Amino acid sequence: MRIKNHPVLDFKKGKKVTFYFNGKELSGYEGEAVVAALHANGIKVLSHSLRHKRPRGLYCAIGKCASCMMRVNGIDNVRTCILPLEQGMKIESQPGKGELK
Amino acid sequence: MMNCDILIIGGGPAGLEAAYHANKMAPELKIIIIEENFLLGGQLIKQTHSFFGSKEQYAGTRGFEISNLLMERIKNKENIDIMLQTSALGYYEPGIISCESSEHKLMEIKAKKIIVATGARENMAVFPGNDLPGVFGAGAAQTLMNVYGVLPGKKILMLGAGNIGLIVSYQLMQAGAEVVAIVEGLPTIGGYHVHAAKIRRMGVPILTSHTVIRASGKDKLEEVEIAGIDSNWKINTDISKYNVDTLCLSVGLTPSIELLQQAGCRLEFVKELGGFVAWHNEYLETSNPNILIAGDVSGIEEASTAMIEGRVAALNAVSKITSRDISEEMQNAQDSLNNLRRGPYGEKARLGKEKLIAMYGGSHV
Numbered sequence: 048m049r050i051k052n053h054p055v056l057d058f059k060k061g062k063k064v065t066f067y068f069n070g071k072e073l074s075g076y077e078g079e080a081v082v083a084a085l086h087a088n089g090i091k092v093l094s095h096s097l098r099h100k101r102p103r104g105l106y107c108a109i110g111k112c113a114s115c116m117m118r119v120n121g122i123d124n125v126r127t128c129i130l131p132l133e134q135g136m137k138i139e140s141q142p143g144k145g146e147l148k
Numbered sequence: 003m004m005n006c007d008i009l010i011i012g013g014g015p016a017g018l019e020a021a022y023h024a025n026k027m028a029p030e031l032k033i034i035i036i037e038e039n040f041l042l043g044g045q046l047i048k049q050t051h052s053f054f055g056s057k058e059q060y061a062g063t064r065g066f067e068i069s070n071l072l073m074e075r076i077k078n079k080e081n082i083d084i085m086l087q088t089s090a091l092g093y094y095e096p097g098i099i100s101c102e103s104s105e106h107k108l109m110e111i112k113a114k115k116i117i118v119a120t121g122a123r124e125n126m127a128v129f130p131g132n133d134l135p136g137v138f139g140a141g142a143a144q145t146l147m148n149v150y151g152v153l154p155g156k157k158i159l160m161l162g163a164g165n166i167g168l169i170v171s172y173q174l175m176q177a178g179a180e181v182v183a184i185v186e187g188l189p190t191i192g193g194y195h196v197h198a199a200k201i202r203r204m205g206v207p208i209l210t211s212h213t214v215i216r217a218s219g220k221d222k223l224e225e226v227e228i229a230g231i232d233s234n235w236k237i238n239t240d241i242s243k244y245n246v247d248t249l250c251l252s253v254g255l256t257p258s259i260e261l262l263q264q265a266g267c268r269l270e271f272v273k274e275l276g277g278f279v280a281w282h283n284e285y286l287e288t289s290n291p292n293i294l295i296a297g298d299v300s301g302i303e304e305a306s307t308a309m310i311e312g313r314v315a316a317l318n319a320v321s322k323i324t325s326r327d328i329s330e331e332m333q334n335a336q337d338s339l340n341n342l343r344r345g346p347y348g349e350k351a352r353l354g355k356e357k358l359i360a361m362y363g364g365s366h367v
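Those sequence lines, one after another, are chains A and B.
Heads up: the first sequence begins at 48 in my numbering, then just goes up one per residue.
Heads up: the second sequence begins at 3 in my numbering, then just goes up one per residue.
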C-alpha cells in the first residue's frame, strides 16, 4: 500500500514502469527497491525455506538476512531489497537453493 | 586488480565521514568506497526524526537530511570513487578485498588501509512463527515506509520499547497505519521519555513485562499472541491475541562482523557493544594493522558517534600512509567522542569500549 500523504516526507518517484512477477505484469517506479514495488502490489511472500518450504518475507531490507533472495532476469539468489527496479524486469520465486549459471 | 590508498567498505555515516576527512587531510590519496546497496547513506536515509546531541553532530537535523549533507560533501571529489551495488566478499593478504560488482563480476581491490564500516543487522526474537511474512525488523518497516513510501501493513504490533521501537511506531502512525500496542519484555521503557510520551499521547498502550509468544497465519501473519512475564521471563498472565497483519521486532542490533571474522581479526564478545566485535584500540585499529573499523560494526551506538569514528579511522589511516601530523585533529575527534558518550545513554558504549581497550595493553596482539 503506497502512502499518499505524509507530514514530513515528499516521495520522489521515478518513471512508472512495468515488471513481471512469476509471469504476471505489475507496475512500479523505476529506481525503487524491487521489494518495495512487490509490497506495493500486495506481494509479501518472497521465498520459501529450503527444508519445510515455509513462506518467507522481507525481514531486514538492507541486504543482510537473505529472506528476499529471488530469481531476477534468470539470475538466482539476488537480494531484491537492495536492487533497483527497472522496466521489464523479470522477478520469479526461486526453487530451492537456485542454480549457478 | 584495482589499487587505492584507502578502501572504505560501507557507505553509511561512518564510511562517508571517513572518506570526507581522509580526502580533506590528504587530497592526493586515492579513496574508494564500496557499498552493496544502490543508495548511499546507510540507515540515515530512513530516519525522519531530528537528532539529539551536539550541534557539531547535526543535532536538530533529521537523519535523511544529514545523509544528504554527508553525500554532498564527498560529491565530485577527484580522488573519491564510489562503487554502488558492490559487495565485499573476502579479505586476502596483503590488503586485498575481493568483491562482486554491480554486473555480478568478481573483482579485486588492493588498498594500503581498509576501513570496514559495515554497520549492524537487526536481531531476531525467538517464538513460533517468527519467520512468517509480515514479521519485519522494525528498521525494515521503516525503510519501506520512509525511503519508498510503501506501508508494510495496516495494523501493527511492535515488540520492543527502545528508541527504535518507539520512533518507528510513531512514524508508522504518521504514515497512516494503526499501531495497536508496543510490547516490551523488560519492566521499564528503554527509549527516551520524549518518544514514549508521544506514543502514549496518541493512545497507544506500552505493555511492559510482556512479550510475544507466538505468531500465526496462513502464508502471512494474521495473529500474534502475547503474555505477561515475570523477571525470569516466565509467563504469569493469560494470553491475549491481536489480529494484526504486521509485527515489527525492535530487539536490538548485532555488529556485522562477518568480513572481519573471515579476515582473521581477533574477535571479542562485549555485551555492551552488542556481541562479538573485532578487538580495536581507541584509534580503531584491529589486530590486523591493514584493517580499521568505524561505526556500528565496532559496537552498537548512534549515527552521531559513527560519524566521528569514521573521522578517527580516516585520520589514523592518513597518518600511517603519509606520516602527516594529525595529532590535533585526532585530539578534537576523541574529545567529541568522549562528549557524546558522557551522558547516561552513552554509558553502555563507553564501558564496552573501555573494556576492549584495556585488553592486551591496548596494542596489537
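Quick caveat, the hints were computed from the structure, so don't treat them as lab data.
Computed from a predicted structure; not experimentally measured.
Be careful, since some hints might not be right.
What the hints assert, rightly or not - Okay, derived cross-link-like pairs now, DMTMM-like style, lysine to aspartate or glutamate, Cα gap no bigger than 20 angstroms in a straight line:
1. A:137 with A:57
2. A:144 with B:133
3. B:107 with A:72
4. A:100 with B:221
Unchecked claim - Label-pair ranges, simulated between beta-carbon atoms:
5. B:96 with A:57: 18 to 28 angstroms
6. B:271 with A:96: 27 to 37 angstroms
7. B:202 with A:96: 18 to 28 angstroms
8. A:120 with B:57: 20 to 30 angstroms
9. A:61 with B:330: 19 to 29 angstroms
10. B:234 with A:142: 36 to 46 angstroms
11. A:49 with B:327: 18 to 28 angstroms
Where is the CB? At the ideal position from N, CA and C, for every residue including glycine.
Which of the listed hints are broken here? 1, 3, 5, 7, 8, 9 and 11
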